[in-house]
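S.K.: Sequence:
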Amino acid sequence: MYVDTRRIEGTKFEAPLLQFDYESSSQVAYSPYRGLCAFGPYDKHIRRFGKISMLVIAPDSKIESMQTLTDLLKEGWSIYPGFERIFGVRLSAEFASFKTKKDKTLVGLSRRYEHQIMNILREVRIENYDIALVGIPWSPRENISTPYYRSKAVLTASGLPSQMITWEVLNDPSRLRYSLMNIAIAIYTKVGGRPWALAPHPNIQIVDCFIGIGMALRSLSRIGYKLRYVGFANIFRENGCYVLTTGVPGVIEYKKYLEEIGEKISDAISEYERVVGKKPRSIIIHNYKRTSRKERKTIVEALSSQLGSDFEYAIVRVTDAPAVRIFDFDHRSMATEPGVCVPYSAKAAIVTTTGRRDDRSPLGTPVPIYISIEEQSPSRPFSILSIAQQVYYLSKIYWGGVSTVQREPVTTKYARLLASMMLGMWGDEWNRAISNQRLADKAWFI
Numbered sequence: 001m002y003v004d005t006r007r008i009e010g011t012k013f014e015a016p017l018l019q020f021d022y023e024s025s026s027q028v029a030y031s032p033y034r035g036l037c038a039f040g041p042y043d044k045h046i047r048r049f050g051k052i053s054m055l056v057i058a059p060d061s062k063i064e065s066m067q068t069l070t071d072l073l074k075e076g077w078s079i080y081p082g083f084e085r086i087f088g089v090r091l092s093a094e095f096a097s098f099k100t101k102k103d104k105t106l107v108g109l110s111r112r113y114e115h116q117i118m119n120i121l122r123e124v125r126i127e128n129y130d131i132a133l134v135g136i137p138w139s140p141r142e143n144i145s146t147p148y149y150r151s152k153a154v155l156t157a158s159g160l161p162s163q164m165i166t167w168e169v170l171n172d173p174s175r176l177r178y179s180l181m182n183i184a185i186a187i188y189t190k191v192g193g194r195p196w197a198l199a200p201h202p203n204i205q206i207v208d209c210f211i212g213i214g215m216a217l218r219s220l221s222r223i224g225y226k227l228r229y230v231g232f233a234n235i236f237r238e239n240g241c242y243v244l245t246t247g248v249p250g251v252i253e254y255k256k257y258l259e260e261i262g263e264k265i266s267d268a269i270s271e272y273e274r275v276v277g278k279k280p281r282s283i284i285i286h287n288y289k290r291t292s293r294k295e296r297k298t299i300v301e302a303l304s305s306q307l308g309s310d311f312e313y314a315i316v317r318v319t320d321a322p323a324v325r326i327f328d329f330d331h332r333s334m335a336t337e338p339g340v341c342v343p344y345s346a347k348a349a350i351v352t353t354t355g356r357r358d359d360r361s362p363l364g365t366p367v368p369i370y371i372s373i374e375e376q377s378p379s380r381p382f383s384i385l386s387i388a389q390q391v392y393y394l395s396k397i398y399w400g401g402v403s404t405v406q407r408e409p410v411t412t413k414y415a416r417l418l419a420s421m422m423l424g425m426w427g428d429e430w431n432r433a434i435s436n437q438r439l440a441d442k443a444w445f446i
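First residue of the sequence shown: 1, per the UniProt record's numbering; consecutive thereafter.
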């Protein structure tokens with residue numbers, strides 16, 4: 001057996017503080033749960049809504065359980081303080097139920113959900129609601145012919161974000177008491193809220209914005225089997241706050257896809273300027289896959305069309321490093337802490353985003369994140385350590401719940417979630433969802 005004994009120097013990044021007020025840098029905490037309970041959400045003084053109207057959908061036999069859930073979300077229970085107490089926003093609900101039969105297959109049940117929800121949407125005014133709360137049975141996420149995916153597809157294509165709750169969680173008090181906070185955060189986020197942001201850190205290289213991109217080949221046709229190129233870009237501010245999503249409808253030719261993704265990135269920069277009030281001058285682009293030479297050329301040309309020559313950029317691959325582990329021989333568990341970075345070269349490194357936490361039971365040996373700079377501004381290059389630190393910090397900004405144990409940065413996390421949602425949508429549903437301006441600045445896919 002060969003053992004490589006070369007010595008490699010690493011770095012330990014400090015854990016990032018999270019900020020819970022847009023105007024006050026003193027309202028900070030390391031924990032989303034503690035920060036929200038103490039200070040409320042980051043955008044409480046600047047958000048554009050004061051109440052949230054939910055359309056609650058469930059079978060007739062389960063509607064009473066959904067009413068109980070809604071009451072708990074409003075009033076609080078156990079470790080969850082209640083929606084208005086945390087977010088300062090009133091939560092209201094209207095209920096819509098449908099009859100069910102004992103479908104013998106998951107496919108049959110998913111079709112029933114799809115058709116019944118379509119019927120409900122025909123009978124209500126969608127613009128009166130901000131989000132749908134839907135009760136469903138549990139199903140494996142890798143199976144797309146399920147009530148989860150089909151319900152989300154129909155609702156999203158109609159311009160309505162949705163939050164799912166499974167009967168297994170709803171009927172288990174020990175699971176529900178810990179799930180209520182996560183459900184509340186997801187609801188707040190999906191209607192356009194911004195629960196927390198990264199607090200400024202003196203030792204991190206500041207950039208104006210981050211863009212997470214993704215591309216996939218999908219069969220989006222209801223009839224026949226035709227592969228289409230589908231792409232999307234999520235744009236974030238320097239503090240990790242989500243700004244918007246722009247997407248490419250399914251196209252057959254790769255050349256057409258490149259044209260579309262270039263236009264969408266250009267549109268995203270314009271929208272960023274509208275929201276933030278200025279153009280970004282330093283941009284980091286994350287992709288969880290390799291970015292082809294043609295894609296990189298298209299991206300840089302799109303940025304140049306909006307920003308001229310006065311900007312700096314880096315296109316970075318962010319993915320798992322499955323064949324690598326980092327151990328801490330000074331700790332009894334040998335598990336390392338989050339934020340440990342080991343550079344491979346001037347353009348590649350690994351960083352742990354999860355790992356040992358204080359004296360609590362370790363989560364096992366973490367799989368590091370592999371980071372590779374594929375292209376960047378030749379005149380003003382970024383250091384690999386600054387890129388790695390940004391990736392680590394962005395792993396703490398996922399708004400799907402209170403846990404900070406998230407392996408990947410929000411840039412690639414959102415891209416993967418979008419790709420997952422895309423799997424459960426037909427072409428017309430995806431095109432309607434991605435072009436709906438009501439959804440553009442909402443993280444409906446988490």
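Be aware that a few hints might be false.
[As the list claims (entries may be wrong)] Listed next, with one range per pair, are the computed distances between beta-carbon atoms:
| no. | residue 1 | residue 2 | range |
| --- | --- | --- | --- |
| 1 | A38 | P322 | 37 to 43 Å |
| 2 | S65 | N143 | 20 to 26 Å |
| 3 | E142 | S65 | 53 to 59 Å |
| 4 | A15 | K104 | 48 to 54 Å |
| 5 | E127 | K256 | 29 to 35 Å |
If you are wondering where the hints come from, they were derived from the structure by calculation, not from laboratory data.
Computed from a predicted structure; not experimentally measured.
By construction, the Cβ of each residue, glycine as well, lies at the ideal position given by its N, Cα and C atoms.
S.K.: Decide, hint by hint, whether the structure agrees.
M.R.: Going through the hints against the structure:
1. A38 / P322: 37 to 43 Å: 38 Å, holds
2. S65 / N143: 20 to 26 Å: For S65 and N143 the Cβ distance comes to about 24 Å; the hint holds.
3. E142 / S65: 53 to 59 Å: Since E142 and S65 have Cβ atoms about 27 Å apart, the given range 53 to 59 Å is violated.
4. A15 / K104: 48 to 54 Å: Between A15 and K104, where Cβ atoms are some 50 Å apart, the hint holds.
5. E127 / K256: 29 to 35 Å: Since the Cβ atoms of E127 and K256 sit about 33 Å apart, the hinted range of 29 to 35 Å holds.
When each numbered hint is compared with the structure, a violation occurs for hint 3 only.
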